[in-house]
Amino acid sequence: MAHNVLVVGELAGGSPTSTTLELLGGAQGLAAGGSVSVALLGTGASAAAAKAAGASKAFVSDDAGYDAVKAEQWLAALEVAVDQSGADLVLIAQSSAGREIGPRLAARKKTAVAMDCAKIEDAGGLKFTRPAYGGNALATYSIATSPAIATVRAKSFEEATGAGAGEVVQLPAAGASRTNITGMEKAVSAGLQITDATVVVSGGRGLGAPEGFKVVEELAAAIGNDKAAVGASRAAVDLGWYPPSQQVGLTGKVVNPDLYIAVAISGASQHMAGCSGSKTIVAINRDKDANIFGFAKYGIVGDWKAIVPALIEEIKKAK
Amino acid sequence: MHIVVCAKQIPDPETPPSAFKIDAANNKVIPAQGIAPVLSQFDGIAAEAALRIKEANAGSKVTVISMGAESAQAAIKQVLAMGADEGVLLNDPAFEDGDSHTTATVLAAAIKKLGNVDAVFCGRQAADWDMGQVGLLVAEDLGWPVAIIAKGVAMGGAGLQVQRVLENGFESLETPLPAVVTVSNEFGEPRYPKLPQIMAAAKKTVTNWKLGDLGLDAGAVGKAGSRLKLEKLFIPEKGGKVELMEGDTPQAQAAALVARLQADKIL
Ligand SMILES: Cc1cc2nc3c(=O)[nH]c(=O)nc-3n(C[C@@H](O)[C@H](O)[C@H](O)COP(=O)(O)OP(=O)(O)OC[C@H]3O[C@@H](n4cnc5c(N)ncnc54)[C@H](O)[C@@H]3O)c2cc1C
Ligand SMILES: Cc1cc2nc3c(=O)[nH]c(=O)nc-3n(C[C@H](O)[C@H](O)[C@H](O)COP(=O)(O)OP(=O)(O)OC[C@H]3O[C@@H](n4cnc5c(N)ncnc54)[C@H](O)[C@@H]3O)c2cc1C
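These protein sequence lines are chains A and B, in that order.
FYI, my numbering numbers position 52 of the first sequence as 52, with every residue one higher than the one before it.
FYI, my numbering numbers position 45 of the second sequence as 45, with every residue one higher than the one before it.
Because the hints were derived from the structure by calculation, they are not lab data.
Since this is a predicted model, take the numbers as computed values, not measurements.
Treat the hints with caution; some may be incorrect.
[Unchecked claim] Residues on chain B that point at chain A, a partial pick, calculated with CB under 7 Å: (1) D128; (2) N168; (3) G169; (4) S172; (5) T175; (6) E246; (7) A263; (8) I266.
Positions of the beta carbon are idealized from the N, C-alpha and C atoms, including for glycine.
Just need the whole structure built from these sequences, with the hints factored in.
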């Protein structure tokens, strides 16, 4: 069936984020003859509309008031975009902003949102599939009300290709918000982000101490700082060994690299929910029965303190 | 300051994957033998956040509410043992098998009935279904502002000052009261109640409200009122069989791995 799809876009440096392009890619497929629109809010939105591949129409406001996301301001604009686009499906990233906007938009439009979807398909009606029970299970839902809303995890769709939005519709400038942002602290690791890296090397509680991450970082550096980034399990983050921005998993980030190396990570379902889409998983763990080996293609059973330095050396040799 | 903590009882998320089973015909999780349900981890942390505000602000009160089966009394008692003042169980067959929207409808109705509530603290997500939306929907139902995924919350400024965890850093936010806050694990560990507190909590009576007490229509709650329809619950397939790198030394194992990754054109 044809669907009119509205993608709630996000901007980074004046361009739609890669996740926005993925949502547009998904929208192209699901529209099946219906329309694809995109909403873009903040500095550079009008110019970014031309880069929103796959969308025919863009709802924009260049008001800088939208740059730091205050959900109430975004919601007011998005309600207009939903109405004017005639969308029966709204796709939103499972991002910091999307986690808040999805449910609140659903409440305001008297409909429902399926959070953190990994797959959306039209199989006799729209079906939304997402992990539940910490990733132990998958749950498929339908939505009885319109528009159906979904927040979608990164890398669930291929990026859209083709021309950007030809038609641009202006949305109102940012309105009022009851909450007020009083400070912002960026905690982004320098260089490559784990969500963009083709190789992610993650460390867990089994590293034993924060110093273990130095060795994990050396392994990433040996693979190449242009390719590899360092992640962490929540146990390691909770211990304060590595910043929350690097956490992989259900309550952290979703990564889908070509290669995921899990060092001293047990492979709890909530961790795997963030990395099981990786093309190849390598596990280094001293416990041969660790859950992670159930997901890994290659494994080394042993003490990371011996294995990882050896691996660094072998990788350097192979170059 | 009167804070309501929304606490959900869930199957233990630390249940080993091998003990996790689904009744496919009924789309239900089969409770694992011998593993008792627990207070959802983030809700314990939300309770901790509420109790710290209570302790820092004389005359404050914390009420814990839970929608669920009779067994959810245990989750309520746990928060009472931590130091909450009162507990309310929202238990009615009509509430069963709903979605996040119907859950929020019931919780918001209870909060309205309690009256004089200044803030509602929820977990960032229930650690079973992991939706992360009930707190937001309660806020929309009540018409209150909301701050999600908090790692810090205290009274100050316009009402509450909240530190939020974002995907790429942290944000400080100020909200007037009344407001809803959802609390994340970065806040820190909840306190562990001591035996005398557990005994005292055991003696406390938990109020029980049913559909009629909340003035709700049976069609607006539970399965009848839900908009998000669960169609299928299943266990995903895992990846293939692992190939373990053989070798007498770490060096040999590492070399074997590098050879595989090169053959696969990954390195
Ligand atoms: C048999 C069965 C059928 C189901 N069918 C459906 C279905 O068709 N569609 C569907 O969407 N879901 C269904 N569910 C799941 C459902 O009822 C969820 O619990 C509901 O969607 C709320 O989402 P959540 O638990 O992920 O809460 P979240 O949104 O993740 O919860 C966030 C926070 O809200 C508070 N909270 C949530 N629930 C409660 C509660 N009960 N009491 C007190 N505080 C609470 C807590 O503070 C929690 O940390 C079903 C469950 C069962 C057992
Ligand atoms: C709702 C919810 C959400 C969650 N979200 C996330 C999430 O987003 N991300 C996440 O990661 N977790 C998450 N968790 C936590 C998750 O359940 C696990 O507790 C966590 O992933 C465990 O981290 P770990 O593997 O580092 O630690 P552990 O489980 O303690 O595993 C450590 C591993 O290291 C191995 N080891 C120890 N010493 C050595 C050595 N010298 N050499 C080699 N191996 C060694 C051990 O054999 C073990 O397998 C969540 C939990 C819940 C309930």
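Run the structure past the numbered hints and jot down the numbers of the failing ones, going up.
Numbers 6, 7, in rising order.
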